[in-house]
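*Asks:* Chains as they are written, first to last, in the numbering used here: chain A, 306 to 729; chain B, 306 to 729.
None of these hints come from the bench; they were simulated from the model.
Be aware that one or more of the hints could be misleading.
Said to hold, decoys possible - Calculated pairs, EDC-like style, for lysine to aspartate or glutamate (alpha carbon to alpha carbon, straight line, at most 16 Å):
| id | chain 1 | residue 1 | chain 2 | residue 2 |
| --- | --- | --- | --- | --- |
| 1 | B | K502 | A | D379 |
| 2 | B | K307 | A | D379 |
| 3 | A | K307 | A | D360 |
| 4 | A | K462 | B | D694 |
| 5 | B | K336 | A | E378 |
| 6 | B | K502 | A | E378 |
| 7 | A | K336 | B | D321 |
| 8 | A | K307 | B | E352 |
Number of protein chains: 2
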Amino acid sequence: MKAEIIAVGSELLTPDRLDTNSLFLTEELNKLGIEVVRKTIVGDNRELLAEAFRDALDRVPLIIASGGLGPTEDDLTRETAAELLGRKLVLNDAILRYIEGRFRQLGREMPAVNVRQAMVPEGAEVLENPRGSAPGLWLEDKGRFIALLPGPPRELKPMYHEQVLPRLERRSSGIRMFHRELRVAGMGESAVEQRIKPIYTRYSDVNTTILAAPGEIQIHLRLWTDDAAHAQKTLDEIVQGFELALTDRIFSQDGSSLDEVVARILTMNSATISTAESCTGGLLAQRLTSIAGSSSYFLGGLVCYSNDLKTAWANVPSEIIQSKGAVSSEVAIALADGIRRSSGSTLGVGITGVAGPGGGSEEKPVGTVHIALSHAGGVKERGVRFPGDREAIRWHASQLGLDMVRIHFLYNGGEPPARGSKRS
Amino acid sequence: MKAEIIAVGSELLTPDRLDTNSLFLTEELNKLGIEVVRKTIVGDNRELLAEAFRDALDRVPLIIASGGLGPTEDDLTRETAAELLGRKLVLNDAILRYIEGRFRQLGREMPAVNVRQAMVPEGAEVLENPRGSAPGLWLEDKGRFIALLPGPPRELKPMYHEQVLPRLERRSSGIRMFHRELRVAGMGESAVEQRIKPIYTRYSDVNTTILAAPGEIQIHLRLWTDDAAHAQKTLDEIVQGFELALTDRIFSQDGSSLDEVVARILTMNSATISTAESCTGGLLAQRLTSIAGSSSYFLGGLVCYSNDLKTAWANVPSEIIQSKGAVSSEVAIALADGIRRSSGSTLGVGITGVAGPGGGSEEKPVGTVHIALSHAGGVKERGVRFPGDREAIRWHASQLGLDMVRIHFLYNGGEPPARGSKRS
Chain A
306 MKAEIIAVGS ELLTPDRLDT NSLFLTEELN KLGIEVVRKT IVGDNRELLA EAFRDALDRV
366 PLIIASGGLG PTEDDLTRET AAELLGRKLV LNDAILRYIE GRFRQLGREM PAVNVRQAMV
426 PEGAEVLENP RGSAPGLWLE DKGRFIALLP GPPRELKPMY HEQVLPRLER RSSGIRMFHR
486 ELRVAGMGES AVEQRIKPIY TRYSDVNTTI LAAPGEIQIH LRLWTDDAAH AQKTLDEIVQ
546 GFELALTDRI FSQDGSSLDE VVARILTMNS ATISTAESCT GGLLAQRLTS IAGSSSYFLG
606 GLVCYSNDLK TAWANVPSEI IQSKGAVSSE VAIALADGIR RSSGSTLGVG ITGVAGPGGG
666 SEEKPVGTVH IALSHAGGVK ERGVRFPGDR EAIRWHASQL GLDMVRIHFL YNGGEPPARG
726 SKRS
Chain B
306 MKAEIIAVGS ELLTPDRLDT NSLFLTEELN KLGIEVVRKT IVGDNRELLA EAFRDALDRV
366 PLIIASGGLG PTEDDLTRET AAELLGRKLV LNDAILRYIE GRFRQLGREM PAVNVRQAMV
426 PEGAEVLENP RGSAPGLWLE DKGRFIALLP GPPRELKPMY HEQVLPRLER RSSGIRMFHR
486 ELRVAGMGES AVEQRIKPIY TRYSDVNTTI LAAPGEIQIH LRLWTDDAAH AQKTLDEIVQ
546 GFELALTDRI FSQDGSSLDE VVARILTMNS ATISTAESCT GGLLAQRLTS IAGSSSYFLG
606 GLVCYSNDLK TAWANVPSEI IQSKGAVSSE VAIALADGIR RSSGSTLGVG ITGVAGPGGG
666 SEEKPVGTVH IALSHAGGVK ERGVRFPGDR EAIRWHASQL GLDMVRIHFL YNGGEPPARG
726 SKRS
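All chains, full assembly: derive it from the sequences and hints.
*Replies:* See the structure below:
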């Protein structure tokens, strides 16, 4: 089956916003063997919107549209679809009551404009939206299907999974996409490519994509077939090859983020952790606590920007700061040790560095970061120089901090085995 | 003038790649008063490509296309444009010599396929590409203009500046886009809409877009005209109207983020700040330190997840935690006071709440957050219930924390004046 994606919203035609929903939707549709043959981005304009839908309906049997379901005058998707299919818009009481309830829960009265969101083309199926006020709509017309989804990704994605996917599965051909995603930390894109190319080039039916994301490399393997056993065997083989080539640098094989992987490791090991950060300004603590249930392993964090607070809060001896400088392996270690002792956690992580753009020197240029991991058996420290701007440096530093925790448990607190290839 | 952007390339219809050239092109076209009314992304398919160009030519006088100018069979943009305009493709000797020269420089023979890149529709102007082998093309036909540009951004951007821009400027009508952006905190999309709608609907020549971003609403005003004085006057008038309608809820009139605005306010007031966070896990500290130069106002932050550390680090009396609960206005105030005293900062912010998904109760459901701002003259506290998931609740809480700092300085540390309308 072929599909088109239409993203609706004048903001997507400005220099400020890009339609990103289509990446998610494409990935999901591909899994069902549905090919996306065109993406159209139109503004909140009745005529242009109608033309985009009309043309797409002439070409393909499936249209997934996002956006334009809000409560304002600008939001024209409902009206346009109804008009094109020659259907009336009717007030749906259930939706109206739901929206009113949502506002009541938040202690507010529903503004009159929101009634628009309860108007539904005759015969449309309502796709409930527990995460927002705009419900989605599913329309069928002469063998063609139209899904109208809300624009915000946090509403669109679960709505797709819960309500669009089951409807598409009922109508699908049997061909499926089989997909594996590996994530790699501590290596650059070309280094990864060099090690795995001899492996993946042997499999001509598998599509391999290597993507550089901040602080990590993502490898996607995709295979379309109706033979699930063949797909699993082939992908298993490739992944085993990659594991030999990349060793402990692969931190995830299921699309989990490093935050999630570390959260899982800490929970499994009944370990607790605390942080003392300087240049990352709380980013590491924030990432460690971004996962639900983090209170079971995260005890507390210090953000000690000033030298005085490094001493007062984390017991970093001021002599060390004076003799070695605030950005030094010694201070990173003192921060990690200090926070572990003061909070009573299993692990303590200390980070100090120069995130820039100011504050660099010849000896310690912008990007210089020291990270230490303190545990009952001792301390590990790494000094690195990260490329990029302030945001990139802070992200890389938090990424390495998390990865040091991962590696620590991978080798039961010991050192990784020596090996020929150097880590980048 | 109105324009459409067509991005050509099957890779742009996969889950991994997004067309980003269009953001650059839109920004540039808008500067000339050219409005982008549609973006289309098509694969390397002769029929679909032809349809996309044909439809766009029917709608607008300017098409900017990117991609599909390479040397392979897949690269169909040249052929398609020629066919549509009823022109022959002819071999351009100058381009051929240039491409051959490029290969010679690299010490290689030009592969036969590259001859395709020297084929040019009759009457087309060649846009040289010193950064790649594919030249661009400029076509004029019955008052319509088509620019065919290479896909790689590092080739497309300079080609636009050096060769497309001068051609557009020669034909430009003198009409320019005038743009204002207001950002609003502490109000929902429909509440903003309701207050400002009576104002902006009076200006039919101004395009008003209201965007909901996490924790804030962005209002864009765009006006296309050749009369700069009229534009400034009109936009000033609307903005003044919005200021009356939204009062202190507008935090930015130049596109600055709340992080940037608060950083500027703290710097201007020579104030320092420290934070003591529970449910936001360091997010507030991270945002306060995300701006270059933050060490001049940010002293330090505590992330005290456990109750013990709330007491040990921020001197929150354990009796208060016991009697009022960790999520209470009393604890928020104690955190704010405690951190201000312990760090010696001008301001202290304390946040405690239930970010979920677990930990909620009937009395204190998920989303309940208390935020306090402590200053020399006293303390302000707000208890709120935020909607959404863990990430949204944490973001909203950090947003309100920052906004309380902004409001504090707006009224010189006093209270906002009483007013009829309730804040949400």
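*Asks:* The structure should be examined with respect to each hint, and the outcome stated for every one.
*Replies:* Comparing the hints with the structure gives:
1. With a CA separation close to 11 Å, the supplied pair K502 (chain B) and D379 (chain A) stays within the 16 Å bound.
2. A C-alpha spacing of about 20 Å is found between K307 (chain B) and D379 (chain A), which places the hinted pair above 16 Å, so the restraint is violated.
3. About 14 Å separates the Cα atoms of K307 (chain A) and D360 (chain A), which keeps this hinted pair within 16 Å; it holds.
4. For the suggested pair K462 (chain A) and D694 (chain B), the alpha carbons sit about 14 Å apart, so the restraint of at most 16 Å is met.
5. For the hint linking K336 (chain B) to E378 (chain A), the alpha-carbon distance of about 27 Å lies beyond 16 Å, and the restraint is violated.
6. Only pairs whose Cα atoms come within 16 Å are accepted, and K502 (chain B) paired with E378 (chain A) is accepted, the gap being roughly 10 Å.
7. Among the hinted pairs, K336 (chain A) with D321 (chain B) is consistent with the structure: their alpha-carbon atoms are about 14 Å apart, no more than 16 Å.
8. Distance restraint check for K307 (chain A) and E352 (chain B): the Cα-Cα separation of roughly 15 Å lies within the 16 Å cut-off, and the hinted pair is therefore satisfied.
The structure fails to meet hints 2, 5 from the earlier list, while all remaining hints are met.
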